[in-house]
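S.K.: Residues per chain are reported as follows:
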Amino acid sequence: MKTRNRLLVITILLTLFICISMIVQHIQSERDAEETLVYWGMYGDKVYEIQQKLKRWAYYDGPIDGYYGAGTFEAVKKFQRKNGLAVDGVVGNQTAAAMGINLGTKTSGGGGETPPSRGGDRSGGGNVYLLAQAVHGEARGEPYLGKVAVAAVVLNRVADPRFPNTIEGVIYQPGAFTAVSDGQINLAPDEESLRAARDALNGWDPTYGAIYYYNPAKATSAWIWSRPVHLVIGKHHFAT
Amino acid sequence: MSRWIVTGLLTVALIITGVWGYNQYLENQDHAIRSNNLYKKSFYELVGRVDNIESGLSKAMISGDQGQSIVMLSDVWRQADSASTNLGQLPLSHISLNKTSKFLSQLSDYCRYLTIKAGEGRPLTLEEMKNLKELKNSSIRLNNELKDLESRVNKGEVTWKELRDMSNESLEEASQDLISKQFTKIEETSIEYPTLIYDGPFSETLLRPQKLRVAGKKIDYKAAERIAIDFLGRDRVKSAEQGPETQGDIETWGVNLETEDGEGPFFVAVSKVGGKVVSLICEGAVQGSSMDYKEAEKVAGKFLEDKGYRNMVPTYGQHNDGMAVFNFAYEDGDYIVYPDLIKVKVSLATGNPIGFEALNYLMAHKERDLKEPKLSLEDARKLVNRNLEITSERLAVIPGKSGNEIECFEFKGNFDNDSFIIYINADTGKEEDILRILDTDNGTMVI
Chain A
1 MKTRNRLLVI TILLTLFICI SMIVQHIQSE RDAEETLVYW GMYGDKVYEI
51 QQKLKRWAYY DGPIDGYYGA GTFEAVKKFQ RKNGLAVDGV VGNQTAAAMG
101 INLGTKTSGG GGETPPSRGG DRSGGGNVYL LAQAVHGEAR GEPYLGKVAV
151 AAVVLNRVAD PRFPNTIEGV IYQPGAFTAV SDGQINLAPD EESLRAARDA
201 LNGWDPTYGA IYYYNPAKAT SAWIWSRPVH LVIGKHHFAT
Chain B
1 MSRWIVTGLL TVALIITGVW GYNQYLENQD HAIRSNNLYK KSFYELVGRV
51 DNIESGLSKA MISGDQGQSI VMLSDVWRQA DSASTNLGQL PLSHISLNKT
101 SKFLSQLSDY CRYLTIKAGE GRPLTLEEMK NLKELKNSSI RLNNELKDLE
151 SRVNKGEVTW KELRDMSNES LEEASQDLIS KQFTKIEETS IEYPTLIYDG
201 PFSETLLRPQ KLRVAGKKID YKAAERIAID FLGRDRVKSA EQGPETQGDI
251 ETWGVNLETE DGEGPFFVAV SKVGGKVVSL ICEGAVQGSS MDYKEAEKVA
301 GKFLEDKGYR NMVPTYGQHN DGMAVFNFAY EDGDYIVYPD LIKVKVSLAT
351 GNPIGFEALN YLMAHKERDL KEPKLSLEDA RKLVNRNLEI TSERLAVIPG
401 KSGNEIECFE FKGNFDNDSF IIYINADTGK EEDILRILDT DNGTMVI
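One line per chain: the protein sequences are A and B, in this order.
Going by our numbering, the first residue of the first sequence is number 1, and it counts up by one from there.
Going by our numbering, the first residue of the second sequence is number 1, and it counts up by one from there.
Think of the hints as simulated: they come from the structure by calculation, not from any bench.
Some hints here could point you the wrong way.
Beta-carbon label-pair distances, calculated as ranges [to be verified]:
{"hint": "1", "chain 1": "A", "residue 1": "Leu8", "chain 2": "B", "residue 2": "Arg34", "range": "53 to 59 Å"}
{"hint": "2", "chain 1": "B", "residue 1": "Gly64", "chain 2": "A", "residue 2": "Gly203", "range": "32 to 38 Å"}
{"hint": "3", "chain 1": "A", "residue 1": "Gly203", "chain 2": "B", "residue 2": "Asn37", "range": "36 to 42 Å"}
{"hint": "4", "chain 1": "B", "residue 1": "Asn37", "chain 2": "A", "residue 2": "Ala70", "range": "41 to 47 Å"}
{"hint": "5", "chain 1": "B", "residue 1": "Asp148", "chain 2": "A", "residue 2": "Glu191", "range": "26 to 32 Å"}
{"hint": "6", "chain 1": "B", "residue 1": "Leu26", "chain 2": "A", "residue 2": "Ala97", "range": "43 to 49 Å"}
{"hint": "7", "chain 1": "B", "residue 1": "Ser35", "chain 2": "A", "residue 2": "Lys235", "range": "51 to 57 Å"}
{"hint": "8", "chain 1": "B", "residue 1": "Asp379", "chain 2": "A", "residue 2": "Lys235", "range": "55 to 61 Å"}
Examples of chain B residues toward chain A, derived with CB under 7 Å [what the hints assert, rightly or not]:
{"hint": "9", "residue": "Arg3"}
{"hint": "10", "residue": "Thr7"}
{"hint": "11", "residue": "Gly8"}
{"hint": "12", "residue": "Leu9"}
{"hint": "13", "residue": "Trp20"}
{"hint": "14", "residue": "Ser101"}
{"hint": "15", "residue": "Lys102"}
{"hint": "16", "residue": "Gln247"}
{"hint": "17", "residue": "Phe267"}
{"hint": "18", "residue": "Gly322"}
{"hint": "19", "residue": "Glu357"}
In this text, a Cβ means the ideal position worked out from N, Cα and C, and glycines have one as well.
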């Protein structure tokens, strides 16, 4: 009888623990999604607003230029110390509330935003990054040559009438790349992926025009096997 | 007593789990509806645009007024372009969209070509009218199929989410699905359109595979390995092993090379016919920059000369991450021949050439019979916009959009703080192309 009771207690405790952790996780994820941060390296309207407030309250004596540099960083830390907030030099929700600022809208990141534009022939920084993300998501663990080849396939698709005619159109075509479907594309690309993306944009194409690739260990479609394979690098077969 | 506590706790736990689960369910519903709405938006936009394409094409054909037909054709061009964007957003497998997508891309491009042609005052030929008519018929069929599909979607016989879930599983199973099947049907039966031969990026002539213009004997891997080692420098190479080879239109042997000094490893592709090095790729990272950009350009030029590529002049260069990439073009008498393009990458850390790409050169280079231009330089200069402050002028061969080559006068100059290159056809005086030079932090025109 005693052991049964103990078992019951343990079960209840476990159930409770799981429930509570679910709730905590839920709340956490909602907070993560909502929390907007303003930190070193950013620029934009919010930084401008922060600088104005800090200057008015004499925490900050630098220029009000909308750039979150060292001066702003120190001023924010000073403000946080005075107001009993966590001193980290980052303006989160609490610090912003203490300043009376609403961080609702996002501030643009350090690199600035790429303006939307048409056509597949631009090679701005944004494109290199997106291409590198695709390479990182699709060909992590593959040899360097295989990474360049994956990037080249994306670019070959842009030039092919059967596919969308922009890099973003090709990468985000539903179902085209598994890394997009499972969200791996959102990982930050490593240095090697960036280099491979840049090589492909510069015109290096080890596949000489391939528009498909697949991993024979994973591919289930009979159709893809019917494509003529031109090249095998690592786990990927490249085909036209 | 303890039983009551237990029951109470369990009830509380159950309620919490229930609430949590219900929240999750709501959130999931919300996501599903939102993504469904996006798919629907793309689909309805596609239907609307194909509708506009059909009416635009028929109007363009009966219009007697040149100005009016330009308006109609350019509208079709715009609508087809947007329609193919919409198509790319649908959660359908590529196989079922293949032909529809190609149809829309080519239609857009063909109408663009006709718009430009009509803008130059040249009337449409009989052949082009016939093509337009066939394209119109195809768009009518596509339109009907889409309308049919639209009504099925409206009746709720199938939702996009089901479809998306299925296409994630496998391409083949997805094609069992209704929408996919419908699209596959469109692919199989309806779209028969004319072979479009014109001066545009998606013309049929350009879709044909290109081959290397390299003569010579077929070589085996061992010979290719020797060529690769010589290319990088016999004294530098520590070891070589066979890498991936390519088959098909461009056949190459692959050689992986390791160097004594640790730079690399390198990958070299050597053509199976004639044994020419097609490309060299450095797989390792480069750090630091001890060499100056101008110096690197000299290294690249000398490298090409050592490899037997003479009369190559640098045309463009850029650098980032401790590497500089230079474009070289072949100089044939007074002409600079841009299709004969070779790229050389130089490490700014070690000062060694670490990349080479001659695919364009090997596909395009040939003996050319370049004649004296019919136009004089003075006459060509008069055709350039007077506001352009010309800084340099010369003869050039540029690649046409359909894989042809055009002999031009090249004028470089400045206007309103921007730099431009303008190409005037050396025979007809037509303005073939205008390029705006984007001066980024890392790229500079060398000439």
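S.K.: Hint by hint, say whether it matches the structure.
M.R.: Evaluation of the provided hints:
no., hint, verdict
1, A/Leu8 with B/Arg34: 53 to 59 Å, "43 Å, violated"
2, B/Gly64 with A/Gly203: 32 to 38 Å, "46 Å, violated"
3, A/Gly203 with B/Asn37: 36 to 42 Å, "40 Å, holds"
4, B/Asn37 with A/Ala70: 41 to 47 Å, "45 Å, holds"
5, B/Asp148 with A/Glu191: 26 to 32 Å, "51 Å, violated"
6, B/Leu26 with A/Ala97: 43 to 49 Å, "28 Å, violated"
7, B/Ser35 with A/Lys235: 51 to 57 Å, "30 Å, violated"
8, B/Asp379 with A/Lys235: 55 to 61 Å, "59 Å, holds"
9, Arg3, "10 Å, violated"
10, Thr7, "10 Å, violated"
11, Gly8, "10 Å, violated"
12, Leu9, "5 Å, holds"
13, Trp20, "5 Å, holds"
14, Ser101, "5 Å, holds"
15, Lys102, "5 Å, holds"
16, Gln247, "5 Å, holds"
17, Phe267, "5 Å, holds"
18, Gly322, "10 Å, violated"
19, Glu357, "5 Å, holds"
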